[in-house]
Structures are given as C-alpha cells and as structure tokens.
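Residues per chain, in single letters:
Protein chains: 2
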Amino acid sequence: MNHVVIMAGGIGSRFWPMSSESVPKQFLDVLGVGRSLLQMTVDRFLGICEMDNIWIVTSKAFREQVQQQLPDLPAHNILLEPCRRNTAPCIAYVSWVIKSVDPSANIVVSPSDHYITDVPRFREAVQQCLDFTAQSDAIVTLGMQPDHPETGYGYIEADLSYATLTNQNIFRVDSFKEKPTLEVAKEYIRKSNYFWNSGIFIWNVATIVNAFRVYQPQMAAIFENLREQYRTEREQQLIDEVFPTCENISVDYAIMEHADEIYVYPAEFGWSDLGSWSSLHKLLPKDEHNNALVGRNIRVYDTANSIVHATTEREVVVQGLDGYIVIEKDGTLLITRMEEEQRIKLFH
Amino acid sequence: MNHVVIMAGGIGSRFWPMSSESVPKQFLDVLGVGRSLLQMTVDRFLGICEMDNIWIVTSKAFREQVQQQLPDLPAHNILLEPCRRNTAPCIAYVSWVIKSVDPSANIVVSPSDHYITDVPRFREAVQQCLDFTAQSDAIVTLGMQPDHPETGYGYIEADLSYATLTNQNIFRVDSFKEKPTLEVAKEYIRKSNYFWNSGIFIWNVATIVNAFRVYQPQMAAIFENLREQYRTEREQQLIDEVFPTCENISVDYAIMEHADEIYVYPAEFGWSDLGSWSSLHKLLPKDEHNNALVGRNIRVYDTANSIVHATTEREVVVQGLDGYIVIEKDGTLLITRMEEEQRIKLFH
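Sequences listed follow chains A and B, in order.
Read left to right, the first sequence gives residues 1 to 348 (the numbering used here).
Read left to right, the second sequence gives residues 349 to 696 (the numbering used here).
What the hints contain is simulated information worked out from the structure, not anything from laboratory work.
Glycine included, each C-beta is placed from N, C-alpha and C at the ideal position.
Don't take each hint at face value.
What the hints assert, rightly or not - With a straight-line Cα cutoff of 25 Å, these simulated DMTMM-like cross-link-like pairs (lysine to aspartate or glutamate) come out:
| # | chain 1 | residue 1 | chain 2 | residue 2 |
| --- | --- | --- | --- | --- |
| 1 | B | Lys693 | A | Asp322 |
| 2 | A | Lys329 | B | Asp678 |
| 3 | B | Lys677 | A | Asp102 |
Unchecked claim - If we take Cβ atoms under 7 Å as the criterion, some of the chain A residues that face chain B in the derived model are:
| # | residue |
| --- | --- |
| 4 | Glu315 |
| 5 | Gly320 |
| 6 | Thr332 |
| 7 | Ile335 |
| 8 | Phe347 |
Stated by the list, open to error - Sample of chain A residues with no beta-carbon within 10 Å of chain B, all distances over it, derived:
| # | residue |
| --- | --- |
| 9 | Pro17 |
| 10 | Pro120 |
| 11 | Ser279 |
| 12 | Glu313 |
| 13 | Glu340 |
So that you can see chain A by itself, here it is in the shape it has in the complex (with noise of 0.2 Å):
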C-alpha cells in the first residue's frame, strides 16, 4: 500500500516575523489562500493514499498545531522527535514504523512546507514513482527541471543516456551536487542534465530500512532493536531515550551520497521550496506593479516590487516603497530591502 511521511520538524527562520520558532512556516497560510503549507501538502497527496497512510514526523512542540490543522490524521499517526536530529533519523523511524504495520509499504517522503504549483501533474509524478519502486529497490527523487541558475537549492545530476526499462522518464543519478556559485549554477543550466533536488523521495519500506542498515549501521540498530515497541504504549518513551542518541545527519549525506541505486524523475510541475521571501513573491499574486499583498486591508501607493505581508493587521497603508518586504505579525514589525533579505536571519 502506498504511505505518505511527511517531515514537519523544521523550524525556518528566513520568514521571520511571519513564521516563528513556535509557528513555523508549515503551518502557515504564506500564500493567503486559506491553507497552510502542511494542509495544502496533505491535500496535494489525497489520492495518492488515504489520511490513514499519512504519517507526519515533528517535534512534540508542534503535536498540537499538527493535530488542530489536521484533524481527519489519526492521532497515532503524528510521530513526535523529542529533539531535532536533522532528516535521516526522523526517516528512519517512521520507516521502522511503517515497516511494523505494514510490510510491503510504498512510500512517499516529502518535506511539509514546499509550494507546487500543477498538483495533477505532480500527483502523476509521484504515483509514477510509486509504481516504479513497488516492483524495484530504487530510490527515486524528484528533480526539478531549472529554469534559472538558482543557488538556493541542490542539484541532482542525471545520466540522460538511456532510461529505465520500466519508466522512460526514470533515470539514473550521476552525483548530488550542494547548492552552487551563481557560476557553477549557469554552467548546470547551460547542460541539461541537471535538476533541482526537491527533497521529495520514493522507496518501498525495504529498500530504505535496508540501505539504513547498509549505509548507517549504527543508527538501524537503534530503531531494530524497538521492532517489538512500535505501536505500543512503550514506544513514545523509548523513541525519547533513543532518538537523542542519533547522529544528526541529513538523508542526502547519510543515505544518497553512498546508494548506488539512486534514480531521478525529471519533473516540471512548478516547484519552489519557499526557501526565501523572493521565491515567495514569485509564487503570489501580484498588482500591476509587481506588489505581492496578503492581508485584509492593505493599500499601497507609489510602491512597486514589493511584499507586504500582514495577516494580524487591521489595515495597513504603505508608501513610496520598491523592492521591499513588510511583514507584520502579533506585535512584530519587520521592513528590510528585498536584497538584504539573508540578514533576516540575523535580525532577530
């Protein structure tokens, strides 16, 4: 049966003051639409298997919010990292987990605070995948087609030659490539052979429990030695004395890199990881002038280019602004030039 993880642990600081350490951008309407990131990502992969195979991995501080913005979730299927251990380790729990119920599992993992922008072809995608790893050991990534030479993102580079026998858009992976110089990123673009890594991946539940015991020996034990705890009354407490032992390691480096079955679907369906306020402004609607308003009462004169974001403000009058970013949110004010937005990071 098909499972769907996803990891909703981050907690962001590029949208500050929008999000915050006790609200993260997952569970934030970013867009205005009327849907956080995390419900639009759950709804994004209804079809793809019922809210029962759904499994979201967060911190226990988010257990509420994840259980108030989800209420059809079954409440045991929200695992709780009592720390924050970067990615590899929260898949290797809930694998473990999924393994426990349901061994034959094909499985989906995606990140909960993405954007996509076409979510038939993306469905299409992904259960493409699904049916490519229900009868394979691959591990499958979604690849982003480019369309300028980001630097935000990673780059998966593929061997175009020859395709896989069973799906003529599945190719292999020549190497994972860290986020790029603005050189290094026109040169991937210039070949056609690159794509971004969206953090989206495909594997049965035995493949990827067997590359954990392959590639991260010590980090399966962990998790193998519970194979009788999942499910039970116990498995909370031993998750929390066990987990804070992990290495905090991301899947990329602690699986990916080392893999060899390791295949990319090239994808196009609009992708962005909302990983700053620029991409953002790309995603919403805009004005005339390239103004990006979210809010209930925002009125703008003499201002272009910008994002004012005040979703907790009653009304709001902005003038003779180009190129910045106001956000307003519960008593926090912030108003920075859209190009110095890395030092967000740093303003609080």
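Using the hints provided, position chain B relative to the given structure of chain A.
Below, chain B without anything else, positioned relative to chain A:
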C-alpha cells in the same frame, strides 16, 4: 484669581494611525515620556493656578479619557461640547461659566496638544501676561520668535516701535496673517516683527465676555441667556440645546481680527504645535543617524532621518529606510516617505 482653559476637543488626522478620531493626539504620549500632551499641558500650568481653576473643554466622547488622564481635576471643571463648533463657541461657553463663579477671573487659554521646551520660561511669560491683563482690558497672545520660514503656522505682525508702559515685552498687534507661502514666510523672517501665532491667549474674563458682546453679539446672547443656569443640574442639557446653534468659527476670526486692544508677548521658550510628523521628529530624541524611535524594542539598520513610532508593537526591525515615517498602532500600520506626510490625511 488665575484660571487656565485647555481646549481638548480636537480630532487631528495628521498623526494617523498613531492618533485616531477616538483617541486624538492630545491624549497620546507622542513623545514617549510617559505623559500625554494633555497631561503635559496641565503640568505646565501648575504654578500658574490651582487644579481647581483649570478648565478642560472637550467633546462628550472624550470625557472619560480626560477624567482618566487627570484624576485630580474636579469633574465639573470638564465642560462638554455636544458637537464641534471650532474655538469661538468653546471659548465663549467656558468664559461665561468662569464669569459665573469668579467675575474677576484672569484667564489663559491654551491648546491641549502643543509642546513647549522650556517650561520655566513659558510660565514666566504667561505670568507676565496675566499681570498685564489683571490691570487692563487687553487681549494678549503669545508670539513665538520664528527660527525658520515655517509655512505651517499663522503669523502675528507686531508694532515693535514702542512697548506698553507696564510691560516692556508686550507690544501692539498690527495684524494676524494666515499660513504664508514659503516666499512670504521668508519675507516675514527677514523683517523682525513677525511672530508665530501660538494659539495661547491671555485676558481677563470681563474683557473676553465684552469682546464677544461687541463682535459676536448673537453668540454672546446665547451664553448670556444661560447665565442663571451655569453650574446647575440643567447646564449640560441647555448647552446641548444651544451649542449646536452657534456659528462654527475660530476665535481668531470671531474676535482677534476685529478687536483693537490686541497685544503680543514675543517669546522664545521653544514651541511646537506638533502639527506634522516632521515637527515631532525635530523634538524627539534621535540616534546618531537622525532617527527618532518611539517604542519598546525598535532596532534599525542602514536607516536614517526616519521616525519609527510603534508603542503597541513588541518588536520592530527596520532596514534600509531614509526619510520615512513608520507608525504602528493597535493593528494599523503606516509607512510613508516623510516628505509625503501631507498625504496621510488622504490615506485613511
């Protein structure tokens, strides 16, 4: 005995959203010193007279705010206008009331929302004017020595060729001038006998009542008719009936422009009508980049010549602004270039 009349019925809109129709400027601690402009105005006059002789004329809507801000003021010293009729009816009403309790009263009339830097010199000037009007039928205004060709104030043209016999710093007024153009203001400054009209008047009660009888006989009759009713239970009800029938006119037009015995006391104690954000900016303490920051936790980067006024925000970060006004108040946010501040009235 000395009496002080403070006119506190204004609803200025130039400081929106710091001020609002329900909480206008005089009730706000615009300077961030812990006292509202009204409270500072009262403080300034203590020493001139007792609290029992201070009269506040305001709108009915503001009675509670006045009582809260001035708990030591006798409740019946707050006179309530049922509607706004500019300064002449306001001054007529309070003058007849004071006459009914103290026919030999000597009176200072003052706006409630101005700022004065050197309070001891202000008190000295007022006391000298009161000494003068105690012995004469003069109408005296405080004229401020201008230090720049301000176009936002009215001017008083004085005849400096000879002073009065009793006070060497009190001179006859030749004329009142409306807010001039910059050209004309520069001409006024070049001459040395033009002073800013502070809107602060000194006279004895007989003088002002007589002036109303002569120059505004209709208005005088309205308040004269109630002479047996002041300070009785019926006062408010009768005022509610007759006040709306008064002409909507300023005391400058109603009395000053007609009366002969008008004098000016030129003074230099630092005065501002706080009529604009830039005038407030001049008075506020500023950082080394000429920023005035009023609020609890305001940090600025790459920012100069700006005002950030956000007393109801917990935290404010501003980057990359030069010459801007940033105001947040109870869910309303305004950002505008300071040089466009005259448009603020149109923004709300």
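Hint by hint, here is what the structure shows:
1. Taking the CA atoms of Lys693 (chain B) and Asp322 (chain A), the gap is about 22 Å. The hint holds against a cut of 25 Å.
2. Between Lys329 (chain A) and Asp678 (chain B) the alpha-carbon distance is near 12 Å, which keeps this suggested pair within the 25 Å criterion.
3. Distance check on the hinted pair: Lys677 (chain B) and Asp102 (chain A) sit about 55 Å apart at the alpha-carbon level, beyond 25 Å; violated.
4. Given hint, Glu315 (chain A) at the interface with chain B, holds; its Cβ is 5 Å from that chain's nearest Cβ, closer than 7 Å.
5. Interface hint status for Gly320 (chain A): upheld, as the beta-carbon distance to the closest one in chain B is roughly 4 Å, under 7 Å.
6. Annotation: Thr332 (chain A) was flagged as interfacial toward chain B, and the flag holds, the nearest CB pair being 5 Å apart, inside 7 Å.
7. Against a cut-off of 7 Å between C-beta atoms, the interface hint on Ile335 (chain A) holds, since the closest Cβ of chain B lies about 5 Å away.
8. Checking Phe347 (chain A) against chain B by beta carbon gives a least distance of about 5 Å; that is within 7 Å, so the hint holds.
9. Listed as a non-interface residue, Pro17 (chain A) fails to keep its Cβ farther than 10 Å from every Cβ of chain B; the least gap is roughly 7 Å.
10. Here Pro120 (chain A) stays apart from chain B, with its beta-carbon at least about 39 Å from theirs, past the 10 Å limit.
11. Non-interface status of Ser279 (chain A) relative to chain B is upheld: no Cβ of that chain comes within 10 Å, the nearest being about 19 Å off.
12. Not every CB of chain B lies more than 10 Å from the CB of Glu313 (chain A), the least distance being 5 Å, so the non-interface label is violated.
13. Distance to chain B contradicts Glu340 (chain A) as a non-interface residue, since its nearest Cβ pair spans about 6 Å, not more than 10 Å.
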